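Participant: Letter by letter, the chains look like this.
2 protein chains.
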Amino acid sequence: MTMEHTSMGEVVVIGLGPGNSEWITPEASEELARATDVVGYSTYVKRVPEIPGQRRHLSDNKVEAVRAAMALDMARRGSRVAVVSSGDPGVFAMAAAVLETADDDQWRDVPVRIVPGMTAAQAVASRVGAPLGHDFGMVSLSDRLKPWDVVVKRVRALAGADMAFAVYNPASKSRRWQVGALRDIVLEFQKPDTPVIVARAVGSADESVTVTTLAELDPDVVDMRTMLIVGASTTHVYDGPDGRRVFTARHYEAPATDD
Amino acid sequence: MTMEHTSMGEVVVIGLGPGNSEWITPEASEELARATDVVGYSTYVKRVPEIPGQRRHLSDNKVEAVRAAMALDMARRGSRVAVVSSGDPGVFAMAAAVLETADDDQWRDVPVRIVPGMTAAQAVASRVGAPLGHDFGMVSLSDRLKPWDVVVKRVRALAGADMAFAVYNPASKSRRWQVGALRDIVLEFQKPDTPVIVARAVGSADESVTVTTLAELDPDVVDMRTMLIVGASTTHVYDGPDGRRVFTARHYEAPATDD
Chain A
18 MTMEHTSMGE
28 VVVIGLGPGN
38 SEWITPEASE
48 ELARATDVVG
58 YSTYVKRVPE
68 IPGQRRHLSD
78 NKVEAVRAAM
88 ALDMARRGSR
98 VAVVSSGDPG
108 VFAMAAAVLE
118 TADDDQWRDV
128 PVRIVPGMTA
138 AQAVASRVGA
148 PLGHDFGMVS
158 LSDRLKPWDV
168 VVKRVRALAG
178 ADMAFAVYNP
188 ASKSRRWQVG
198 ALRDIVLEFQ
208 KPDTPVIVAR
218 AVGSADESVT
228 VTTLAELDPD
238 VVDMRTMLIV
248 GASTTHVYDG
258 PDGRRVFTAR
268 HYEAPATDD
Chain B
18 MTMEHTSMGE
28 VVVIGLGPGN
38 SEWITPEASE
48 ELARATDVVG
58 YSTYVKRVPE
68 IPGQRRHLSD
78 NKVEAVRAAM
88 ALDMARRGSR
98 VAVVSSGDPG
108 VFAMAAAVLE
118 TADDDQWRDV
128 PVRIVPGMTA
138 AQAVASRVGA
148 PLGHDFGMVS
158 LSDRLKPWDV
168 VVKRVRALAG
178 ADMAFAVYNP
188 ASKSRRWQVG
198 ALRDIVLEFQ
208 KPDTPVIVAR
218 AVGSADESVT
228 VTTLAELDPD
238 VVDMRTMLIV
248 GASTTHVYDG
258 PDGRRVFTAR
268 HYEAPATDD
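Chains A and B, in that order, are what the protein sequence lines are. Heads up: the first sequence runs through residues 18 to 276, numbered per my numbering. Heads up: the second sequence runs through residues 18 to 276, numbered per my numbering.
Simulated from the structure, these hints should not be mistaken for lab results. There could be a bad hint or two in this list.
Stated by the list, open to error - What the simulated footprint calls covered on chain B by chain A, stretch by stretch (three residues with Cβ under 8 Å from a Cβ of chain A suffice, anywhere in the stretch; the number is not a length):
id, region
1, 104 to 114
2, 131 to 137
3, 162 to 169
4, 172 to 184
5, 215 to 222
6, 228 to 236
7, 245 to 256
What the hints assert, rightly or not - Taking lysine-lysine and the DSS-like style, the derived pairs with C-alpha atoms no more than 27 Å apart in a straight line are:
id, chain 1, residue 1, chain 2, residue 2
8, B, K208, A, K163
9, B, K63, B, K190
10, A, K170, B, K163
11, B, K208, A, K170
12, A, K208, B, K170
13, A, K170, B, K170
14, A, K208, B, K208
15, B, K63, A, K163
Keep in mind it's a predicted model, so treat the numbers as computed, not measured. Virtual Cβ for every residue (Gly too), placed ideally from N, Cα, C.
Next up, chain A with everything else stripped away, as it sits in the complex:
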């Protein structure tokens, strides 16, 4: 009954994992190989192995909703469209953007599947140990999509409940004061020697990971490629043979002796 005699395709939102190919799952690799079209921010599409006949649609990093609508439109016309994200597409990435766009009369009948991936926070945590080893949060420090007072409320809730948390989008070229503000909020609840991990470009050739403290956290070193993990009162640091190891104890109050 449609004017175009094509069957419905689908949109598959795929997580490539952070950084490099050692963290992509077999499922994600298989789904990428089956796609007729690959859509995404150019940096991520370039991580996908090229396949003859597969079309690639590169875009900049700012137009998630436009990219989502393009993918849904191609799927409606019969394509099997892979929308690619770094890390897990379900964490501050394209899955919510595609579903937000799809939840509309013109798109709601287009199938959307999510293929999960390893999150950047898990990769960062692993480099130093297990700083997210017990209850934790993940917050974006960007006030591009939500008011700053919502950011403040959430950081206060996490620090006030003595939870460790990962900080996505801590800064950019133009957003420079938020990391200092974050530090001051957490210092209302936690001690100055609370561990903080400053991780840049984990999984890439430029990777650097530093263990510091709330008191010594320097907002000037934080840029768009940086993620922070802020510890809790139960987050411990020791010097191992390969550098500092950080973990948040599974026990509350009396860590390290459960046998």
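With chain A fixed as given, assemble chain B onto it according to the hints.
Facilitator: What follows is chain B alone, placed relative to chain A:
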């Protein structure tokens, strides 16, 4: 200068991802192949392909610290020991247990590396869409290692800050009232129709995933293999062609129209 003429080995804590082999990373597979010894809860060790000459040490699920000490001791005597966890070892799993044990005079010189994996929460979220698509938390509902009042404080903090969150260890055969208590706490802050995902054994042949609401959440269906994801005010549900799709909007207050 030591009495035993062996070089130091290492402990590598490896995440297998949740459920099945389609979610294990290439890095984890390579590390498993290089290990001389594999240590872990028997259910997880059985997921590791057997290699001739590689020793396997299966244990029950209750003695993390004993398992950690055994792994550290074998590494000190020269073994390359893989300690395996489901999901990500850094999230409510063996990485913190090994580091807690290693942070002691007798073990601190043994190298411990963490190989991250996909978390169970990310896999669960992907089955319905992107319910953790914006700021979120992860909490364990078990009061085996922390007092219940700490659990309450953290759930109140997350719900009070209008964050979605994943719930690990919601119940067991003997812990039966905690899910009902969780629901009542969240209802102090969120509406009865707030989406809740009830996921059991994701990635296994027994997988079941249901989208319900806070008001209709039935604690009786929750067991040890279940994970919950509780939404926020910005968590939306729509009926897609393959079932219900759930996402937490990236925008605060005005979701679904950003272009």
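Participant: Indicate, hint by hint, whether the structure satisfies it.
Facilitator: Okay, the hints, checked on the actual structure:
no. : hint            : result
1   : 104 to 114      : holds (count 9)
2   : 131 to 137      : holds (count 6)
3   : 162 to 169      : holds (count 4)
4   : 172 to 184      : holds (count 7)
5   : 215 to 222      : violated (count 0)
6   : 228 to 236      : violated (count 0)
7   : 245 to 256      : holds (count 3)
8   : K208/B x K163/A : holds, 21 Å
9   : K63/B x K190/B  : holds, 24 Å
10  : K170/A x K163/B : holds, 25 Å
11  : K208/B x K170/A : holds, 19 Å
12  : K208/A x K170/B : holds, 19 Å
13  : K170/A x K170/B : holds, 15 Å
14  : K208/A x K208/B : violated, 35 Å
15  : K63/B x K163/A  : violated, 45 Å
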